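Turn these sequences into a full structure, and let the hints guide you.
Same order as they appear, the protein sequences are chains A and B. Heads up: the first sequence begins at 8 in my numbering, then just goes up one per residue. Heads up: the second sequence begins at 30 in my numbering, then just goes up one per residue.
It should be emphasised that the hints constitute simulated quantities derived from the structure, not laboratory data. Incorrect hints may appear among the rest.
[What the hints assert, rightly or not] Part of the chain B face toward chain A, derived, beta carbon under 7 Å:
#, residue
1, W77
2, P118
3, L142
4, D433
[Said to hold, decoys possible] Derived list of chain B stretches under chain A, where covered just means 3 residues or more per stretch with a C-beta under 8 Å from a C-beta of chain A:
#, region
5, 119-132
6, 154-167
7, 182-190
8, 256-267
9, 302-313
10, 332-338
[What the hints assert, rightly or not] Here's a subset of chain A near chain B, in silico, CB distances under 8 Å, partners left out:
#, residue
11, V65
12, V85
13, V245
14, L256
15, T270
All values reported here derive from a predicted model rather than from experimental measurement. Idealized CB from N, CA, C, for every residue including glycine.
These are the residues of each chain, in order.
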Amino acid sequence: MKKLSARRRHPLAAVVVLFIALAACAGLYTALAPADKAVAEETAQTLTIEEGKKLYAVGCASCHGTGGQGTSDGPSLVGVGAAAVDFQVGTGRMPAQQPGAQVPKKKNIYSQAEIDQLAAYIASLGAGPEIPTENAYNPEGADIAEGGELFRTNCAQCHNFTGKGGALSKGKYAPSLEGVDPKHIYEAMQTGPQNMPSFPDTTMSEENKKDIIAYLEAVNSSDTVEPGGLSLGGLGPVSEGLFGWVFGLGTLIAVAVWVAARTAKAKKS
Amino acid sequence: MSTASTTDARDKRGKAPAGERVADWADGRLGIYSLAKANMRKIFPDHWSFMLGEVCMYSFIIIILTGVYLTLFFHPSMNEVEYHGPYVPLQGQLMSEAFNSTMHISFEVRGGLLIRQIHHWAALVFLAGMFVHMMRVFFTGAFRKPREVNWLFGFLLFVLGMFTGFTGYSLPDDLLSGTGVRFMEGAVLSVPIVGTYLSFFLFGGEFPGGDFVARFYSVHILLLPGIMLGLMVAHLILVFYHKHTQFAGPGKTNNNVVGMPLLPVYMAKAGGFFFLVFGVIAIISAIATINPIWTIGPYRPDQVSTGAQPDWYMGFSEGLIRVMPGWEINFWGHTLVLGVFIPLVIFPLVLVAIAVYPFIESWVTGDKREHHILDRPRNAPTRTAFGVAWITWYMVLLIGGGNDLWATHFHLSINAITWFVRIAFFVAPVVAFIITKRICLGLQRRDRDKILHGRETGIIKRLPHGEFIEVHEPLSQEQLHTLTAHEQYKPAEIGPAVDENGVARKITRREKLRAKLSKGYYSEDNQILKPTVEEYKEITSGHGHH
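Here it is, written out as structure tokens:
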């Protein structure tokens, strides 16, 4: 410190102090001030929303209104959140082909980028559930048995024991859950699309949702093992009864006709 | 041959063969020779539809055999245990011991799942077989004297089969069957005044309690099958005693049976047929799942699934309850649940409707004779129409029972289906009755034409003067006999209104009703009179008439 103190009256001391002060200010500014990148991101966000708005105007506005406020043909989308858009458009349900008891799932014609743009626009109208990250719905390591119990308690009354689907009143229905993307199952639980009740995280935790997804993966997917043979649609006694009549009794009657035709008579009458 | 000479013959040939000695020994104690003599040459006629009863008997035997195997591993207890078996999606779940042991049978016992599936598939086939067998007997009039009692035995077997099936379906204590038992509890509770008491008696307290699996188990493996076995033996004894019916044909009369003897022909055929039935059921059980309790999960009263239906034979009761409007009456703090109680009352009536028909018909015809020749369904139009109307009724209720699956698979509204069933419940049997009767009468007219004008050969002949005619080939004597063998009743008359002294006779309403019904059965609008010999002779005497 003595060395520094001895040179404090050096003619260049003021310059050095000024330089240090400037450097500190610049450093602090770079460290604390919003970076250029952030500005760029914000612009990108705005751009996404803008793009989404354009897509919305083409595909959705005729029913949901020009500003997502809803019309007599479609509900308001304010506050439904990005997750709802990702589910409805991602499964091809929206844009709807025609009004009806329930909008069916069909081929999705939007790319994931376009869906994200639409979702960003809708999310900008009002706060709602976000699109989940893969971490949230990846069923790895979840408790399958717990998921089964939760499924039977909360889902089976409409979707059947293993998610084969079922009927609701007046042409509405709970769709089959076979082959549905885990993300979409998660979003459906989160947002409660169409006739489904919603199960937000306060009612059903993220972990429980994962358990349910894991259960469905175990009992209703292409990897499901059927120890008893053909599952006959997994619909229970109605399809079993039909099978029993047609293939069980049907075969036996055919066999009976065959046996009766083979008579011991020398000449058939 | 005298005893002495038999002994001589034996002395000459040495000792009798072992088989003969065993048979002699048995005859001395069981009297098998006279039994065999009386029955070994018993004649059975040949027709595939006469083997439907055999299908039932064999599937019943298969059910008993597989059922015995299942009892070795099944624990009829409702104690709660935690699952630690190999099926991952249920590990750590709480369940009753009944469910746990059924899981054990399905996944750990050697051949357990196959045997379970054979048991269950055979039960579905057994009931379906009884249904079709019963309809065969119905449509051919095989229930007429002397077989009315056997008809009732068969009917009872069907009804008991339904309940044996239901109790068996409930034993694994899975979510599906538990819902079915809950349904039954609801039906019991709907009975006015005593409903609650009956339910508490049945379940040993509040539903589900800890008793019903053990109770259903005794009923399922002991009580009902025991009664059914007894009834089946009685059914068979009566078949032997009455001798089998046969279709009309040359050489077949009401006093004979034309066919093949029990031994050796039918023994071989029936024995072989048993293995065919077992084989078919085993193949089906090996390729198709039935009642996969592992995906259904253990029963808990707070859970339920859509598509909760009973096995097919109870489906019509499900239909009754599903389409019934939810009516109820409240008075003085009591509730009469008509929405459940009315279906509960109609349930037995649906079954009784078909069971009492033979007695109604015999009352209408007043026929006290024995009938061993079967009717062709078309020759009894009213009976056939009634049978088809009943089947239609039953089918309409089955549609009601599966209304949710009709809705999802045909993209219909479940409410529309329910309304369809409500209306069709009353309308469809009537429509089916009318249509069937017209079809029968049409077929009778065709037979009459065939007899009088012969078979249309499809050969077109041009006559010298230019006319085209189709050549009709006269029927053979055998065919003519078969087509005219049935007898036709005359409608019953009420009789003169005054007796021989000119005093007005009292005509009861019963008599009037009977005459009216008889007219509906046998008046000229309701059956086509078969051609008389004179008509036939006149038309075939060769006056160029076509």
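Hint-by-hint comparison with the structure:
no. : hint    : in the structure
1   : W77     : holds (4 Å)
2   : P118    : holds (5 Å)
3   : L142    : holds (6 Å)
4   : D433    : holds (4 Å)
5   : 119-132 : holds (count 4)
6   : 154-167 : holds (count 4)
7   : 182-190 : violated (count 0)
8   : 256-267 : violated (count 0)
9   : 302-313 : holds (count 6)
10  : 332-338 : holds (count 7)
11  : V65     : violated (29 Å)
12  : V85     : violated (31 Å)
13  : V245    : holds (4 Å)
14  : L256    : holds (4 Å)
15  : T270    : holds (5 Å)
Violated hints, listed in ascending order, are 7, 8, 11, 12; each of the other numbered hints is respected by the structure.
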